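Undergrad: Residues per chain, in single letters:
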Amino acid sequence: MNDQTPEIQPDVRKGSRFNRVWIIPIVALLLGGWLVKRNYDEKGEIITLHFETADGLTAGKTEVKCRNVKVGIVESIRLTDELEVEVSVRIKPDQLYLVRKDSQFWVEKARVEGASVSGLETLIKGAFIGLDPGTGAKGARDFKGLETPPLTPASIEGLRLILTAKEPGSVTIGSGIYFQNNLIGRVESHTFHPETKIVEFGVFIKKRFSNLITTNSLFWQNSGISLHVGADGFDLDLPSLDSLVAGRISVEVPEGVPPGDPVSDTSSVSLFESLEAANQSNFMGGVELLILIDESLRGLSVGSPVEYRGLKIGRVGRISYDLMKNTDIENIPVLIQLDDRLMATHFPPSILDEGQGGFEKALQKGLKASLKSGNLLTGQMYVDLDYYPESPVVETQMEGDYILLPTIHTGFTGLQDRISNLLDKLNNMDLDGLISKIQNTSDEATETLGSINLAISSKEGVVADAQTTLQEMTATMKGLNDLLGADDTRQIPADLRKTLASINKSLEPLSNDGAIYGDLKRTMEELRHAVRSIDKMANEISDKPNSLLFGKDPSSNKIPRARR
Amino acid sequence: MKSALDENLAACHTCDKVSDLSLHHCPRCGTPLHGRKQDSVQRCLALAFAGILAYIPANLMPIMLVTQLGVEEPSTILGGVATFWEMHAYPVAITIFIASVMIPGLKFLALGFLCAAATGKIKMAPPVANRIYWLTELVGRWSMVDVFVVAILVGLVHMGDLMTIRPGPAAIAFGAMVVLTMLAAHAFDPKLIWDQIRKSQNKPLSK
Numbered sequence: 000m001n002d003q004t005p006e007i008q009p010d011v012r013k014g015s016r017f018n019r020v021w022i023i024p025i026v027a028l029l030l031g032g033w034l035v036k037r038n039y040d041e042k043g044e045i046i047t048l049h050f051e052t053a054d055g056l057t058a059g060k061t062e063v064k065c066r067n068v069k070v071g072i073v074e075s076i077r078l079t080d081e082l083e084v085e086v087s088v089r090i091k092p093d094q095l096y097l098v099r100k101d102s103q104f105w106v107e108k109a110r111v112e113g114a115s116v117s118g119l120e121t122l123i124k125g126a127f128i129g130l131d132p133g134t135g136a137k138g139a140r141d142f143k144g145l146e147t148p149p150l151t152p153a154s155i156e157g158l159r160l161i162l163t164a165k166e167p168g169s170v171t172i173g174s175g176i177y178f179q180n181n182l183i184g185r186v187e188s189h190t191f192h193p194e195t196k197i198v199e200f201g202v203f204i205k206k207r208f209s210n211l212i213t214t215n216s217l218f219w220q221n222s223g224i225s226l227h228v229g230a231d232g233f234d235l236d237l238p239s240l241d242s243l244v245a246g247r248i249s250v251e252v253p254e255g256v257p258p259g260d261p262v263s264d265t266s267s268v269s270l271f272e273s274l275e276a277a278n279q280s281n282f283m284g285g286v287e288l289l290i291l292i293d294e295s296l297r298g299l300s301v302g303s304p305v306e307y308r309g310l311k312i313g314r315v316g317r318i319s320y321d322l323m324k325n326t327d328i329e330n331i332p333v334l335i336q337l338d339d340r341l342m343a344t345h346f347p348p349s350i351l352d353e354g355q356g357g358f359e360k361a362l363q364k365g366l367k368a369s370l371k372s373g374n375l376l377t378g379q380m381y382v383d384l385d386y387y388p389e390s391p392v393v394e395t396q397m398e399g400d401y402i403l404l405p406t407i408h409t410g411f412t413g414l415q416d417r418i419s420n421l422l423d424k425l426n427n428m429d430l431d432g433l434i435s436k437i438q439n440t441s442d443e444a445t446e447t448l449g450s451i452n453l454a455i456s457s458k459e460g461v462v463a464d465a466q467t468t469l470q471e472m473t474a475t476m477k478g479l480n481d482l483l484g485a486d487d488t489r490q491i492p493a494d495l496r497k498t499l500a501s502i503n504k505s506l507e508p509l510s511n512d513g514a515i516y517g518d519l520k521r522t523m524e525e526l527r528h529a530v531r532s533i534d535k536m537a538n539e540i541s542d543k544p545n546s547l548l549f550g551k552d553p554s555s556n557k558i559p560r561a562r563r
Numbered sequence: 000m001k002s003a004l005d006e007n008l009a010a011c012h013t014c015d016k017v018s019d020l021s022l023h024h025c026p027r028c029g030t031p032l033h034g035r036k037q038d039s040v041q042r043c044l045a046l047a048f049a050g051i052l053a054y055i056p057a058n059l060m061p062i063m064l065v066t067q068l069g070v071e072e073p074s075t076i077l078g079g080v081a082t083f084w085e086m087h088a089y090p091v092a093i094t095i096f097i098a099s100v101m102i103p104g105l106k107f108l109a110l111g112f113l114c115a116a117a118t119g120k121i122k123m124a125p126p127v128a129n130r131i132y133w134l135t136e137l138v139g140r141w142s143m144v145d146v147f148v149v150a151i152l153v154g155l156v157h158m159g160d161l162m163t164i165r166p167g168p169a170a171i172a173f174g175a176m177v178v179l180t181m182l183a184a185h186a187f188d189p190k191l192i193w194d195q196i197r198k199s200q201n202k203p204l205s206k
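Sequence lines, in order, name chains U and S.
The letter at position 421 of the first sequence is residue 420 when you use numbering that gives the first Met the number 0, and the numbering goes up by one with no holes.
The letter at position 90 of the second sequence is residue 89 when you use numbering that gives the first Met the number 0, and the numbering goes up by one with no holes.
Honestly, the hints are just simulated from the structure, not real lab data.
Bear in mind the structure is a predicted one, so any value in this text is a computation, not a measurement.
In this text, a Cβ means the ideal position worked out from N, Cα and C, and glycines have one as well.
Careful, some of the hints might be misleading.
As the list claims (entries may be wrong) - The following residues of chain S were derived to be distant from chain U, with all beta-carbon distances above 10 Å:
#1 Leu8
#2 Phe96
#3 Leu137
What the hints assert, rightly or not - Each pair of labels, with its calculated beta carbon distance range:
#4 S:Asp160 with U:Ser117: 57 to 65 Å
#5 U:Asp93 with S:His24: 53 to 61 Å
#6 S:Glu85 with U:Ile25: 38 to 46 Å
#7 S:Trp141 with U:Asp93: 39 to 47 Å
#8 S:Glu85 with U:Thr163: 52 to 60 Å
#9 U:Leu34 with S:Trp141: 20 to 28 Å
#10 U:Pro193 with S:His87: 52 to 60 Å
#11 U:Glu166 with S:Glu85: 52 to 60 Å
#12 U:Tyr96 with S:Glu85: 20 to 28 Å
#13 S:Asp160 with U:Glu83: 30 to 38 Å
#14 U:Ile25 with S:His24: 55 to 63 Å
#15 S:Ala3 with U:Ile25: 31 to 39 Å
#16 S:Gln67 with U:Glu166: 29 to 37 Å
#17 S:Val144 with U:Asp93: 32 to 40 Å
Please put together the full structure from these sequences, using the hints given.
TA: Structure below.
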């Protein structure tokens with residue numbers, strides 16, 4: 000076999016000291032080096048944050064997130080000598096640009112503030128550090144962490160306002176801002192300034208709604224149930240549940256008011272406690288008039304409306320004797336302020352032009368003020384302005400700086416006036432004279448009787464006449480006696496008794512076992528039945544109010560009927 | 000004592016047919032014939048060195064990425080050992096430590112010793128050297144335990160947002176290390192040890 004195969008000369012080469020196998024460790028080394036380099040590159044940079052507490056933070060676990068995207072991780076937590084928590088955070092290199100001079104860091108954890116619950120996911124996943132990049136220059140590496148999450152990140156466009164209020168009411172962080180019941184923004188911060196005792200709410204309005212807010216917009220707290228009792232019945236206003244719990248702020252431009260200019264960012268606006276307060280503050284001071292009231296001001300207070308034929312045109316500004324220079328005046332001076340804006344829509348223009356001139360004309364026509372009762376139940380009063388052409392014209396008077404507006408008594412107060420007039424008249428009647436006159440008359444009568452007596456005593460014949468008269472009287476008495484002794488007269492008591500008996504008989508049906516009594520008794524019984532069934536019905540309605548509409552549940556005792 | 004090489008005979012690597020070395024190729028299957036594995040020590044050392052390189056990231060980098068409720072938590076082998084140790088699960092901790100850290104390390108040491116013995120750098124009693132070689136070969140395939148565990152967990156734990164497990168970069172490194180050490184052990188020709196002994200016993204190693 001051996002000789003059949005051709006001799007193959009071995010190709011002898013000098014053995015190289017290098018074997019190809021060494022490529023494997025070299026490749027492994029290169030790969031390892033590349034991995035190390037990549038790992039190093041991916042590590043990113045360390046930035047330092049200072050917090051008051053490391054509550055919820057875990058080294059090597061807590062993530063740093065920007066808009067919920069992980070950009071880094073907490074590497075170590077250390078307590079400084081000043082007992083401050085120093086958190087070292089490694090930010091990924093490709094996200095390092097997010098760390099700027101005005102970047103904000105805060106610990107995002109589950110928070111329950113007022114009615115708003117946020118960060119619920121952190122209950123399970125654990126807290127994380129939030130990062131808002133801000134807009135400043137890059138390069139900062141040391142930050143002071145916020146204790147509460149910041150407002151909507153400054154990088155999100157929108158309108159930021161500061162609402163100032165004396166009282167926060169139920170408005171808290173997270174309360175909605177509503178424009179005609181549409182949510183347009185939220186309260187984001189709540190700061191109480193102890194020096195000024197003013198509450199400041201930071202408010203963020205979404206960008207697409209920001210032009211709804213103008214310089215004439217009014218903000219007011221709209222929290223809770225409101226119940227109005229008016230001439231038109233009850234008006235119960237129940238806001239949505241969340242605003243009932245968290246409170247809400249309504250914003251609107253009052254009716255009849257031009258929208259005004261757009262509001263600049265971070266401007267300060269006042270927040271009113273209620274719509275009424277907002278409307279009052281919206282008052283555009285205009286003409287001020289003085290009226291003198293000579294009656295009780297009970298029910299009239301500062302802020303009470305001033306109306307012209309039922310249209311609101313102003314309010315009562317002040318009630319004070321200070322308004323008068325003339326100190327020995329009895330009537331109460333009341334200053335009424337007319338709202339320019341309301342006047343423009345609610346008042347005849349004739350008075351508006353040129354103040355004094357137009358006003359004089361109006362006074363000539365009989366413009367007068369009167370107190371009227373706005374609500375008989377609560378006794379609220381308002382000042383009504385109207386023309387009374389038939390009343391005497393009063394010349395324009397000035398009292399200090401104010402024009403004096405004449406007053407007139409009308410309506411309920413007028414009625415009171417007339418009654419008091421009547422009483423006054425009664426009071427003024429000359430009763431004393433009348434009594435003395437009567438006395439005089441009786442005196443005269445006594446005198447007359449006395450003179451008669453005299454006349455009697457002076458005449459003897461009169462006595463004799465009297466004697467005969469007496470005798471005649473005796474005779475008459477005797478006749479009367481006879482009459483009484485007569486049978487017919489004796490019969491009278493028996494007749495009387497008979498009459499009584501028949502009366503008795505006729506009264507019998509009314510007695511205990513009489514027919515009428517029975518009837519009455521039955522009626523009473525029926526009444527009692529009726530009352531009982533009413534009671535039952537009331538019970539049923541209170542048990543099941545809808546039975547009033549849908550009737551009693553028929554299933555309980557319905558007799559099934561066979562189908563024919 | 001004579002070896003087969005002295006008779007110019009060699010066994011085929013593929014079919015184990017013993018043929019004369021002058022044939023160069025196995026008459027049965029055509030595989031080139033070698034008296035000893037080619038560049039055995041060098042290959043073994045190179046592969047073992049690559050294995051050591053892979054051993055470093057295998058222990059430093061996370062082998063498993065557990066994403067629990069959105070929070071990713073990487074865990075390294077040694078971290079896992081420490082965790083089990085703290086949980087007082089000592090047998091588990093010891094098992095992982097031995098299987099994943101100690102055995103690969105010892106394997107590199109063993110290969111180093113064998114290579115040194117094969118090149119005559121150190122003297123070693125043949126039965127001991129043989130035992131070491133046998134152990135290295137035997138243990139080789141079992142050091143993949145870690146990778147197996149990770150593979151099983153990755154396949155099993157898929158609970159959506161609740162919990163997911165992904166293999167980390169160390170798993171690849173670990174796998175590579177195990178494969179490299181196995182290849183290194185395979186590349187080593189134990190006959191070299193005997194050659195050394197024979198060399199020292201009867202000085203001239205005639206052909």
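Undergrad: So, for every hint listed, does it hold in this structure?
TA: Results of checking the hints against the structure:
1. Leu8: Fine: 14 Å to the nearest Cβ keeps leucine 8 (chain S) off the interface.
2. Phe96: holds (22 Å)
3. Leu137: holds (23 Å)
4. S:Asp160 with U:Ser117: 57 to 65 Å: violated (20 Å)
5. U:Asp93 with S:His24: 53 to 61 Å: holds (58 Å)
6. S:Glu85 with U:Ile25: 38 to 46 Å: Hint holds: Cβ distance 40 Å, inside 38 to 46 Å.
7. S:Trp141 with U:Asp93: 39 to 47 Å: holds (41 Å)
8. S:Glu85 with U:Thr163: 52 to 60 Å: holds (56 Å)
9. U:Leu34 with S:Trp141: 20 to 28 Å: Holds, at about 26 Å.
10. U:Pro193 with S:His87: 52 to 60 Å: holds (55 Å)
11. U:Glu166 with S:Glu85: 52 to 60 Å: holds (55 Å)
12. U:Tyr96 with S:Glu85: 20 to 28 Å: violated (39 Å)
13. S:Asp160 with U:Glu83: 30 to 38 Å: Distance hint for aspartate 160 (chain S), glutamate 83 (chain U) holds at roughly 36 Å.
14. U:Ile25 with S:His24: 55 to 63 Å: Between isoleucine 25 (chain U) and histidine 24 (chain S), where Cβ atoms are some 32 Å apart, the hint is violated.
15. S:Ala3 with U:Ile25: 31 to 39 Å: holds (35 Å)
16. S:Gln67 with U:Glu166: 29 to 37 Å: violated (47 Å)
17. S:Val144 with U:Asp93: 32 to 40 Å: holds (37 Å)
Violated hints for the displayed structure, listed by number in ascending order: 4, 12, 14, 16.
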